[in-house]
Amino acid sequence: MNCRPAPRAATWLLERLVSGSRFEPLIGDLVEQFEEGRSRRWYWRQAIGALAGHALRALRTHAPSFIGAILAGCVLTSLWQLGCSLAFQSVYLDLAQVKQHPWTLQAFLRLAGMQASMASEYALCFTSAWVVTRVHRAHQHAVLVAFVATLIARNLPTVARLVFDGADYSGSAVAVATQIILTALRAACTLVGGLVAIRTKRLAEMDRRTRFVAIFWVAQMLVTGLLFAACRVGELAYRRPAGILSMYAAGAACGVYLALLLWRQSSTARDPIHLA
Amino acid sequence: MRSREFLGQHELMVMLAVLRLGREAYGVPIAAEIAQRTGREMLQGSVYAILERLESRGLVTSRLGGATAQRGGRAKRYFALTSAGIRQVRETQRALEALWTGPAKTAGAKP
Numbered sequence: 001m002n003c004r005p006a007p008r009a010a011t012w013l014l015e016r017l018v019s020g021s022r023f024e025p026l027i028g029d030l031v032e033q034f035e036e037g038r039s040r041r042w043y044w045r046q047a048i049g050a051l052a053g054h055a056l057r058a059l060r061t062h063a064p065s066f067i068g069a070i071l072a073g074c075v076l077t078s079l080w081q082l083g084c085s086l087a088f089q090s091v092y093l094d095l096a097q098v099k100q101h102p103w104t105l106q107a108f109l110r111l112a113g114m115q116a117s118m119a120s121e122y123a124l125c126f127t128s129a130w131v132v133t134r135v136h137r138a139h140q141h142a143v144l145v146a147f148v149a150t151l152i153a154r155n156l157p158t159v160a161r162l163v164f165d166g167a168d169y170s171g172s173a174v175a176v177a178t179q180i181i182l183t184a185l186r187a188a189c190t191l192v193g194g195l196v197a198i199r200t201k202r203l204a205e206m207d208r209r210t211r212f213v214a215i216f217w218v219a220q221m222l223v224t225g226l227l228f229a230a231c232r233v234g235e236l237a238y239r240r241p242a243g244i245l246s247m248y249a250a251g252a253a254c255g256v257y258l259a260l261l262l263w264r265q266s267s268t269a270r271d272p273i274h275l276a
Numbered sequence: 001m002r003s004r005e006f007l008g009q010h011e012l013m014v015m016l017a018v019l020r021l022g023r024e025a026y027g028v029p030i031a032a033e034i035a036q037r038t039g040r041e042m043l044q045g046s047v048y049a050i051l052e053r054l055e056s057r058g059l060v061t062s063r064l065g066g067a068t069a070q071r072g073g074r075a076k077r078y079f080a081l082t083s084a085g086i087r088q089v090r091e092t093q094r095a096l097e098a099l100w101t102g103p104a105k106t107a108g109a110k111p
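Protein chains in written order, with the numbering used here: chain A, 1 to 276; chain B, 1 to 111.
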């Protein structure tokens, strides 16, 4: 008889990495045998074997739609970004001239344009995550994580180029930090969007903490976006980018925390087993 | 194609273990029965994967039992062969015996 509990990490992996509750009887079997004297090593070997087998079977069955979902998300992201850059490129032209006359209609239009540009970025994150989780419904969490990883990987060459070109100019550290923080922010937005899409839940249905974090996050991002646009268009001097950057970094951290809260809720409320 | 209906080695072993155990056939005794009779230890996850495949083919049915504290509050999943499953086991046995009789039986014998 084992006095210690079964390895929690292995059980957690089995519970979380498999969609649905298919592994419940298996975990019960493993716990039963562990209680009867099997070793922790045996437990881990069984858990890893079960997960590997599940992953291989899932790959064989669902690989086409899994890859299709990620490709659909990437194509949508690219087309959307291309469209946005064409639609909003005039907003960012000749900002130095606009800065000289900040209280004009043109300056306000630029400010509104920048807000719209940022809103379209967030909308893209939510839409692409929604598309990805709808194209591949069998493993929605897994495909969402894979899509976010793909988005991060897409930005890595840009970060690497900035790091390697860093010696050429003084603002390289700021440029690298900006790129990393914006990538993290996009990843967090996509994760949150995907988790909301997986378990369509209204704000009122969320628990208090999640609701508070969600409202705080949206408000924080709105204020940061407005401040950033005002710095570029208005009289506020853009001399201390670290201030704005730290606000974006806080936004990214808040987004990741919200994603974790939503993930925990969506993984604990999975459907029960349906047997024939 | 009839040849596709024959069971694989592991499938046959799991089905025979379920048949032997009767109403007490769930993951732990099935794996133990196979280990005891054949000397081959199968991963618990593989046993479930095979049983799920057999269930999707209509050869096995399952039901959930009660949850016990010894299993961390998790239910047992009991398995039983369907009539199609029993028929399939017999067909496989007949096919193997037909192949085993005659020259094949003496071919592996020690001189």
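Check the hints yourself; a few may be wrong.
Pairwise CB distance ranges (calculated) [stated by the list, open to error]:
| id | chain 1 | residue 1 | chain 2 | residue 2 | range |
| --- | --- | --- | --- | --- | --- |
| 1 | B | Ser-83 | A | Phe-212 | 55 to 65 Å |
| 2 | A | Gly-68 | B | Ala-84 | 55 to 65 Å |
| 3 | B | Ala-32 | A | Arg-60 | 20 to 30 Å |
One side of the interface only, derived from the structure: several residues of chain A facing chain B at Cβ under 10 Å [what the hints assert, rightly or not]:
| id | residue |
| --- | --- |
| 4 | Leu-26 |
| 5 | Gly-28 |
| 6 | Leu-30 |
| 7 | Gln-33 |
| 8 | Gly-37 |
| 9 | Gln-46 |
| 10 | Ala-47 |
| 11 | Glu-121 |
Honestly, the hints are just simulated from the structure, not real lab data. Note that the Cβ used here is the ideal one computed from N, Cα and C, for glycine as well.
Outcome of the hint check:
At about 58 Å, the CB distance of Ser-83/B to Phe-212/A agrees with the hint of 55 to 65 Å. Range check, Gly-68/A to Ala-84/B: about 35 Å between beta-carbon atoms, so the 55 to 65 Å window is missed. With their beta carbons about 29 Å apart, Ala-32/B and Arg-60/A fall inside the hinted range of 20 to 30 Å. A least Cβ separation of about 5 Å between Leu-26/A and chain B falls short of the 10 Å threshold, and the interface hint therefore holds.
For Gly-28/A, the interface hint holds, since its Cβ comes within 10 Å of a Cβ in chain B; the closest pair sits about 3 Å apart. Given the 10 Å rule on beta carbons, the hint for Leu-30/A holds: about 6 Å separates it from the nearest Cβ of chain B. With a cut of 10 Å, the hint placing Gln-33/A at the interface with chain B holds, because the nearest CB-to-CB distance is about 6 Å. With its C-beta approaching chain B no nearer than about 13 Å, Gly-37/A sits outside the 10 Å limit, and its interface hint is violated.
Interface hint status for Gln-46/A: upheld, as the beta-carbon distance to the closest one in chain B is roughly 5 Å, under 10 Å. Interface restraint check for Ala-47/A: the shortest CB-CB distance to chain B comes to about 8 Å, inside 10 Å, so the restraint holds. Hint on Glu-121/A is violated. Least Cβ distance to chain B is approximately 42 Å, over the 10 Å limit.
Comparing the model with each earlier hint shows violations of hints 2, 8 and 11; every other hint is respected.
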